[in-house]
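**Q** First to last, the protein sequences are chains A and B.
Just so we're aligned, residue 1 is where the first sequence starts under this note's numbering, counting upward by one.
Just so we're aligned, residue 399 is where the second sequence starts under this note's numbering, counting upward by one.
In case anyone wonders, no lab produced these hints; they're calculated from the structure.
Hints should not be assumed to be uniformly reliable.
Stated by the list, open to error - Cβ-to-Cβ under 7 Å is the rule here; a few derived chain B residues that face chain A:
(1) Tyr458
(2) Gly563
(3) Ser606
Even for Gly, the Cβ is constructed at its ideal location relative to N, Cα and C.
One-letter residues, chain by chain:
Protein chains: 2
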Amino acid sequence: MMESGALKGVRVLDLTRVLAGPYSTMMMADMGAEVIKIEIPGKGDDSRQFGPFVNDESSYFMNLNRNKKGVTLNLKSQEGKTIFKEMVKEADVVVENFRPGTMEKLGVGYETLKEINPGIVYGCVSGFGHYGPYKDRAGYDIIGQAMGGLMSTTGWPGGEPTRTGTAMGDVLAGLSLTIGVLAALRSKTETGIGQKVDVSLVDSVVSSLEIINQIYLIEGRNPERIGNRYESVYPYDSFKASDGSLVIGCGNDKLWGNLCKVMGTPELAQDERFDRNPKRVAKHKEVKPLVEKWTLERTIDENVDMLLKAGVPAAPINTIDRVIKDPHIAGAREMFVDIEHPKAGKLKVTGSHIKLSETKPVVKTPAPLLGQHNGEVYKELLGIDENQLQELLDNKII
Amino acid sequence: MMESGALKGVRVLDLTRVLAGPYSTMMMADMGAEVIKIEIPGKGDDSRQFGPFVNDESSYFMNLNRNKKGVTLNLKSQEGKTIFKEMVKEADVVVENFRPGTMEKLGVGYETLKEINPGIVYGCVSGFGHYGPYKDRAGYDIIGQAMGGLMSTTGWPGGEPTRTGTAMGDVLAGLSLTIGVLAALRSKTETGIGQKVDVSLVDSVVSSLEIINQIYLIEGRNPERIGNRYESVYPYDSFKASDGSLVIGCGNDKLWGNLCKVMGTPELAQDERFDRNPKRVAKHKEVKPLVEKWTLERTIDENVDMLLKAGVPAAPINTIDRVIKDPHIAGAREMFVDIEHPKAGKLKVTGSHIKLSETKPVVKTPAPLLGQHNGEVYKELLGIDENQLQELLDNKII
Chain A
1 MMESGALKGV RVLDLTRVLA GPYSTMMMAD MGAEVIKIEI PGKGDDSRQF GPFVNDESSY
61 FMNLNRNKKG VTLNLKSQEG KTIFKEMVKE ADVVVENFRP GTMEKLGVGY ETLKEINPGI
121 VYGCVSGFGH YGPYKDRAGY DIIGQAMGGL MSTTGWPGGE PTRTGTAMGD VLAGLSLTIG
181 VLAALRSKTE TGIGQKVDVS LVDSVVSSLE IINQIYLIEG RNPERIGNRY ESVYPYDSFK
241 ASDGSLVIGC GNDKLWGNLC KVMGTPELAQ DERFDRNPKR VAKHKEVKPL VEKWTLERTI
301 DENVDMLLKA GVPAAPINTI DRVIKDPHIA GAREMFVDIE HPKAGKLKVT GSHIKLSETK
361 PVVKTPAPLL GQHNGEVYKE LLGIDENQLQ ELLDNKII
Chain B
399 MMESGALKGV RVLDLTRVLA GPYSTMMMAD MGAEVIKIEI PGKGDDSRQF GPFVNDESSY
459 FMNLNRNKKG VTLNLKSQEG KTIFKEMVKE ADVVVENFRP GTMEKLGVGY ETLKEINPGI
519 VYGCVSGFGH YGPYKDRAGY DIIGQAMGGL MSTTGWPGGE PTRTGTAMGD VLAGLSLTIG
579 VLAALRSKTE TGIGQKVDVS LVDSVVSSLE IINQIYLIEG RNPERIGNRY ESVYPYDSFK
639 ASDGSLVIGC GNDKLWGNLC KVMGTPELAQ DERFDRNPKR VAKHKEVKPL VEKWTLERTI
699 DENVDMLLKA GVPAAPINTI DRVIKDPHIA GAREMFVDIE HPKAGKLKVT GSHIKLSETK
759 PVVKTPAPLL GQHNGEVYKE LLGIDENQLQ ELLDNKII
């Protein structure tokens with residue numbers, strides 16, 4: 001089915017559910033890998049039950065699982081285990097996001113699988129990783145964001161630590177797992193040997209905090225929550241407009257001069273209270289209302305247009321409706337693409353953000369119905385015929 | 399120098415500065431690629447001037463540029479361009495994060511480089527990407543977070559849109575660029591042809607919002623800012639302890655029962671106001687104080703210990719000092735590692751979060767001093783001798 005793409009010819013057995021794992025294998029599928037999603041017979045990925053729904057089909061699931069093939073397999077049955085091991089012989093990558101130890105309990109842990117296929121790349125993503133004292137703890141996104149320190153640095157002075165409004169721990173881990181799997185595939189082409197790629201939500205969050213960690217490691221102080229401004233330059237902050245908010249990023253004194261000019265107060269640029277960046281950082285509480293008084297006089301778009309024309313970096317704080325209608329994001333960059341789903345009909349999902357000039361990632365096929373590709377996959381990989389397939393179905397193996 | 403690692407044998411010419419690009423090439427270097435960082439003679443990467451400092455050396459820079467070699471090269475000089483083009487013949491990957499069009503103006507854009515080396519993988523990261531109506535706009539992190547919709551979904555009811563407390567736009571783009579480059583390298587091993595990988599901060603942020611986008615695309619409503627709680631389950635939120643805050647994630651009614659029991663109020667589990675998850679979500683304003691009254695009675699760690707023992711998913715909202723001292727994160731997972739820098743001496747940087755079992759990413763060498771590897775690199779790649787090197791130095795080409 002996937003005949004093109006940068007990862008053409010890479011076969012992935014995908015045991016992942018919900019978010020971090022499926023996001024990772026979605027990127028692989030968008031780039032042309034043959035991703036075979038393996039779900040529990042009769043039930044499937046939990047996220048098939050997550051809204052919003054279109055004709056009872058989960059758009060949560062349909063977004064993250066487009067471009068994948070779907071089979072069912074009961075890994076708790078002996079025959080299911082045997083089938084899975086046969087499939088591993090024909091695969092390049094296995095990805096799972098169970099609680100650590102689950103695959104071992106099922107008898108299909110990495111140590112077993114690499115006996116069967118020494119070239120297999122085994123990617124796993126979990127809350128805390130597959131080793132270390134906390135490995136058995138449950139790892140929801142909020143736990144990754146809390147434990148890794150991200151929440152402590154997000155929010156407002158005097159306010160509470162704040163969760164980033166998307167499942168950022170899962171997203172960071174999904175991206176990082178993809179990197180690890182692709183690096184391991186590269187290594188395998190050189191050595192013939194596969195390996196285990198162990199990515200955790202917590203580690204991924206910690207890695208994302210590079211300068212925040214350095215502030216504590218070097219200066220011994222915990223970075224404070226400072227809202228939308230930035231510690232080292234000002235104005236680099238959010239400002240209210242008549243219909244919402246925008247951000248302005250003046251990285252240096254020249255840009256501050258441009259801002260003063262467009263605000264109609266060029267004399268401010270020479271005002272010795274604010275003429276140099278360190279003074280503006282120290283007096284940010286005085287600078288903000290000077291700028292905001294001006295931005296409040298017009299809409300987000302009027303502000304951004306004037307600022308960009310005056311050479312001042314600025315952007316709307318887009319609500320999602322604005323993102324989805326934006327001519328750059330939705331238009332030129334094709335970040336929302338149509339799919340045609342056999343039950344849900346036509347809908348839009350989020351496109352690939354990794355733009356490759358020669359092997360363009362594309363959304364070719366909708367997410368699979370539960371077990372949709374049982375016939376095709378089990379025939380191709382294992383040579384199973386119609387009668388055998390029916391027997392497997394009857395015995396609830398698939 | 400880099401003799402091992404999953405990306406052993408991959409040579410990267412790294413023109414990137416500050417954060418998104420250097421974070422991407424840092425991951426490549428940690429995994430064993432030979433990353434040659436090319437800086438402006440006499441000046442170098444802007445982030446060499448960013449604090450915190452150790453003996454006048456930037457720990458911001460030292461963290462993101464460990465494991466890389468450093469050379470200087472003036473790309474504005476004719477001889478500098480010639481040298482760069484010769485290096486491209488010997489490289490697998492070029493990475494840059496200039497404003498789109500800058501490389502073309504210098505005469506070393508992708509179209510030129512692929513004539514020189516058709517196998518070259520050209521990775522670029524920018525605010526808005528290399529095509530589309532906004533491509534020439536400046537792309538700071540805050541602009542990526544604002545424009546992509548992330549800020550609109552982060553924060554508190556009635557409060558302002560909130561920037562995530564690390565440069566998340568840059569981090570997401572750096573991870574995504576790494577994925578694109580590794581996928582393009584994979585494709586090159588199959589076809590011999592390189593390609594351009596174009597990643598933007600805005601697209602990367604949009605991709606991170608998968609379910610948030612779906613809510614608007616399907617239901618036509620903008621997701622609201624709801625603080626730390628979650629739309630579909632409760633209690634899945636933050637709660638105050640005597641010395642800070644923690645998170646609790648009760649994904650189902652059974653876990654709520656466990657929580658009621660450990661709080662010493664098992665009868666609450668049967669209380670028909672709160673016995674089913676949808677009721678708790680609807681009445682989250684009543685549930686929160688019931689739980690918080692109990693968590694406030696003890697410290698973060700006492701709460702988390704009791705909750706985990708009772709089978710309730712929970713975690714501290716770690717401040718950075720706690721992350722850095724944590725026996726799992728800092729201990730078992732080795733997320734902070736020592737380097738010995740020739741000027742700064744011994745310091746800690748953030749370790750690799752991508753745990754590979756056979757080709758373990760390691761921090762082997764400190765970030766380069768400006769031009770530290772000029773002799774080594776120019777000799778090895780171009781056969782330049784000591785006299786020629788001195789001439790290049792005298793003419794300010796390197």
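**Q** Run every hint past the structure and note whether it holds.
**A** Status of each hint after checking the structure:
1. Tyr458: With a minimum Cβ separation of about 5 Å from chain A (threshold 7 Å), the hint on tyrosine 458 (chain B) holds.
2. Gly563: Glycine 563 (chain B) check passes; min Cβ-Cβ to chain A is 3 Å, inside 7 Å.
3. Ser606: Serine 606 (chain B) check passes; min Cβ-Cβ to chain A is 5 Å, inside 7 Å.
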